[in-house]
Each structure stands twice: as C-alpha cells, then as structure tokens.
Amino acid sequence: MEKALLISPLKAENLKAADARDHDTLIIGSEFCQNQLPVLPALKKLARRFPAARLALATSLLTDKALLRWERLLRGLRGSGLVNEVIVNDFGLFPALEKNGPFALSLGRLLLREFAKMDRAWAAAFLKGRGVRSAEADTPELALAAVKLGLKVSWHRPLAFKAVTTFCPFEKHFKPVCALSCEGKLLKLSNPHLPLPLFLSEKAYFSPRRGNGPAKTPWREVLTPALRAKS
Amino acid sequence: MKITVGVKSIRETEYFLDAGADEVYCGLLGLHNNRLPHENLTGPADVEKVIELARARGKKVFLAANEIVSEKEYAKTLRLLSGLREKGLSGLIVRDPALLAWLKKKKFRFYFTLSTLANCFNSKALAFFADLGVSRLVLPMQMMPENAAGLVKNRFGIDTEIFCQALYYGINVDSRCELPCPQTSEAEAGKFRDFTCLLPFKSPKGTFFMPMPGPGYMLNAFYDYYKAGVGHLKVARWPNTLREADLFFKARYLVKLLEKGIKRELFIHEGLRLDAKPLEYGKSFTYKPLKG
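From first to last, the protein sequence lines are chains Y and V.
For the first sequence, our numbering assigns the number 138 to the initial residue and increments by one for each residue that follows.
For the second sequence, our numbering assigns the number 540 to the initial residue and increments by one for each residue that follows.
With the rest of the complex left out, here is chain Y:
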C-alpha cells in the first residue's frame, strides 16, 4: 500500500525530512479550502528537497477567481512532470486539467459524495473519459462506492469529513486570497447533544470515525498531519 501526506503549501515549505520519510507521495493543497494553493517555485523546491517523493495537488470547490489561480498554476506545470496527480472536487476544473495534463486524477471526497449515488454507468463513463483512476475516501461507504465505480481507493486518516463552509471561520470572509490564519490550527468543538466532538480545520469540520476502515486494503493511505495534532 502506498503512503501519502496531505499538507498545506505553507507546511510543505517547512516540511522536515523526518516527517516526509516513508511517504511515497506528498499531496499539497486542500480538498476543503480553495486558498491553499501552492506556487510553482515552492513546488520545484519541494521536488528538489524530496526527489524520491511524487508530488500531487489537492483542490476544493472553486469560485471563478480561485479557479483562475489554479488554472495559472496548472499552465505553469504543463510539460514539467513536476506534479503527477491532482485531486478534483469541482466539475469546473476538468477542462484545465485536460488542457495542461496529463495528470493522474483522483476524485476528491466532496465530488465522490455526489458520484457515489449517481447512475453508475454514466458516472463510470464520465470518470473514465476524463482519466480519473482513483478516489479519496474517509468512510467505508465511500470506499465501497469508489470500488463500484472502478476506482482505486485512497483512504484518509485520522478524521472523517463532516461539513464544509465557504465563509472562512478564522478570517471571516469569502475572499480567494487570505492570510492563511488557519495554518496549524485544529479547534476541538464539543456539545452534549453530539456523541463525538467536531474538529475545525481550514473551512471544514471533521469527526473521529466510528467503526472500521475500508473493507479491502486501499491502494493508498493518506495522512493529514494537521488533523492529528490534538485529535
């Protein structure tokens, strides 16, 4: 099974060798905040520092302004071979990926939740047509849905996604550029009506997972260290 780290661009810039050790892939970005966008020079530097690791990008739901910034980055990556894979959570990103690839594509956790319930024949054909070969999952149900769509499972730990907002809980705005005030912050939230606590990171709320992992050994295991610190 492959191992990957999912880290923010800022964390990637300061990534320690010990933290990256034993990980085949470094995934930079976020599935839940469009502002976690790396810059090309930083990716090049990361590739030089960790030549054995493959680089991947994680993307989220995107507004036009954010999409423009991601498109610019993808254009810069065209033909470089610097980034192998992109995790997609927005239909609007597919044209830029097609234009600037080839990238190995993985269906993100937000978009997989949509595809999991769709007409399987249409969904599988759509994904195959765009070169999507894997999917990110954090519940056994999603992992099973990915398998049924013919996708390899990339399994996330330590927490499972619960909800996402577009209004930054840390900076209180909708802007596509920010001061990254969320960096390194994981806020534990509890209420007696909820059996498990919630954890706020970036623009998303997570919860500890109940029960088992995926039924079959996944293709890859992704660790998000930012969700591990205090959970």
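Hints are computed from structural coordinates only; laboratory data are not their basis.
Distance windows between CB atoms, simulated: (1) V:Lys611 / Y:Arg294: 30 to 38 Å; (2) V:Asp670 / Y:Pro239: 21 to 29 Å; (3) V:Arg596 / Y:Pro239: 53 to 61 Å; (4) V:Gly582 / Y:Lys312: 45 to 53 Å; (5) Y:Thr354 / V:Lys611: 27 to 35 Å; (6) Y:Lys181 / V:Tyr792: 52 to 60 Å; (7) Y:Glu150 / V:Asp670: 36 to 44 Å; (8) Y:Gly266 / V:Lys615: 26 to 34 Å; (9) Y:Glu150 / V:Gly559: 50 to 58 Å; (10) Y:Pro362 / V:Arg648: 46 to 54 Å; (11) Y:Glu308 / V:Ala767: 22 to 30 Å; (12) V:Arg694 / Y:Arg270: 31 to 39 Å; (13) Y:Gly218 / V:Asn779: 51 to 59 Å.
List of simulated lysine to any residue pairs, SDA-like, C-alpha gap at most 20 Å: (14) Y:Lys325 / V:Lys741; (15) Y:Lys322 / V:Ser742; (16) V:Lys643 / V:Phe601; (17) Y:Lys325 / V:Phe747; (18) Y:Lys289 / Y:Glu139; (19) Y:Lys322 / V:Gly745; (20) Y:Lys325 / V:Pro739; (21) V:Lys645 / Y:Phe263; (22) Y:Lys309 / V:Cys736; (23) V:Lys615 / Y:Arg257; (24) Y:Lys254 / V:Leu671; (25) Y:Lys309 / V:Pro752; (26) Y:Lys312 / V:Pro754; (27) Y:Lys309 / V:Pro754; (28) Y:Lys299 / V:Ser714; (29) V:Lys611 / Y:Trp259; (30) V:Lys646 / Y:Trp259; (31) Y:Lys309 / V:Asp713; (32) V:Lys744 / Y:Cys305; (33) Y:Lys254 / V:Ser714; (34) Y:Lys299 / V:Pro719; (35) V:Lys741 / Y:His330; (36) V:Lys744 / Y:Phe307; (37) V:Lys645 / Y:Trp259; (38) Y:Lys325 / V:Pro743; (39) Y:Lys322 / V:Phe748; (40) Y:Lys322 / V:Phe747.
We treat Cβ as the ideally placed atom computed from N, Cα and C, and that holds for glycine.
With chain Y held as given, fit chain V onto it using these hints.
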C-alpha cells in the same frame, strides 16, 4: 426580480400566489427531492391542480427533483414529466448531471433549473451544466456576489436565482453537510431536534458558534445581486408554513424597495430594521403546515 416560492399543498399554492409569488415549485412524493416525504404533494393530480391555480393567474409552476435520482427511476420520471409538461408544468429543478445527460439523450427538451445543491461555484462548471441543457442556475447559498459575477453575467444566457441570504442562510454547503439536523431522518428516533450548525460548542477558546456573515453584509449582498441582474429570488419550502410566510413577506418587502430604486444605505437601514436573523428559520423547524 421574480419571487419563486416552495409550496407543500394546494392551500399554500393559492396563498402564496395571491400574496404575490410569481412562480411556485413543489415536490412530488415518489420523485426524489431534497425534502422529507410529508413536505411533498402526494400525486400528479395535486401537481395538476397547482398548475391550474398558477395558470389561472398567469404564473408558473416547477417541480423539484433536486437530489440524485436512481437510474431505475429515469423512465418513470420521464413519463411523469412528459405528462405534466403537457398539462402546463413549466420546468424541473435538478441536481443530478447523470439524469440531465439521460434526458438529453432522450431528446426531452424542458426548462431545467440547476439546484443550489449542485454546487455550481464557477463559470467552467456552469459550462458543463449548460451543455446538459440547464436554463436557470440557483446560485449556491454560500456564494456571494463578490465571487459570482461570471455566473450572473454568463455567456450561455442562463437565468440566475438566489436566496435572500439576509433572511435565510445555511452556514455549511448544504449538499455536502453530514452533520445531524431535523432533515436527517423522517423517523422520530433518528431525528435530530436542532441544527448542529447552530449549536453552541465548547472549545478551548470558550463558547464557539460556527461563523457566518452578519446581516449587514448579507443585505449588501442582496443589493449587489439585484443590481447585477439576478432575475429570481427563491423562498424555499419550509416545514413551518407561518415561518415561510414570514420570510416571504419580508423578502417581498425588500424586493419592492429595490424595485423602487432605493439607495444602498437606506436599503441596508430598512433591512436591518426587519427581524432578520437568518438562523431563526433554522430554529423553528416544527412541522406546522396550513390545513387544507
């Protein structure tokens, strides 16, 4: 700006149409949509009655299928839509691209409104849905005009629809929220009494509420959306009819102010005078329909 109101019964249809709704939409039991079964009409005959009431007033009716629809239901859905289109149904509210693709393949031409639940946040995503035949887009509730220019002034001629966010707002992206709420389950045992997103949380930094923009910001957003040319305002179906009516009249009042050309500052001032806490709607989920 036309006002579209969600209805749960014939009585509500008459009530809202006579009160100034330009369009109504409804759900039908058996056609998968985003509301619980008891918030839907029970059969096509009810929808036909709603259509009659609207046509008599020169107004339109839409049907909601704003969830992912099982492929096993496609043929039945097409038959239902074909029949209701003949009776005067104006369009369908959808979320599922697979369903849209199938209807396109069947050459079924209709006025399709892309639900807010489809999370169309950018112009390239809109291009994808435009190719599937969408005629109107309901902007995501968590999207603001500062990020929506390309969607409102789109090159596909697609109409746009918004919520009055100052009066009705969901903190988290609706179709991706897995927190328990009163909509989670129809069964009493599984029902969560409140909206998790509204609860006070204990955190190491004290009491925490999931942040949302203030009413002044949201009134400005409504003003900007109106000025940008958004053509439709949605008042969503809501279990508590009195609450929905309250929301409708407040939204209608705000639209009338805008149509009179009110200046921004005065609009915000007037809007803030309304009891306009968006979350009040979430806190009153008790099912209280009008009888009849």
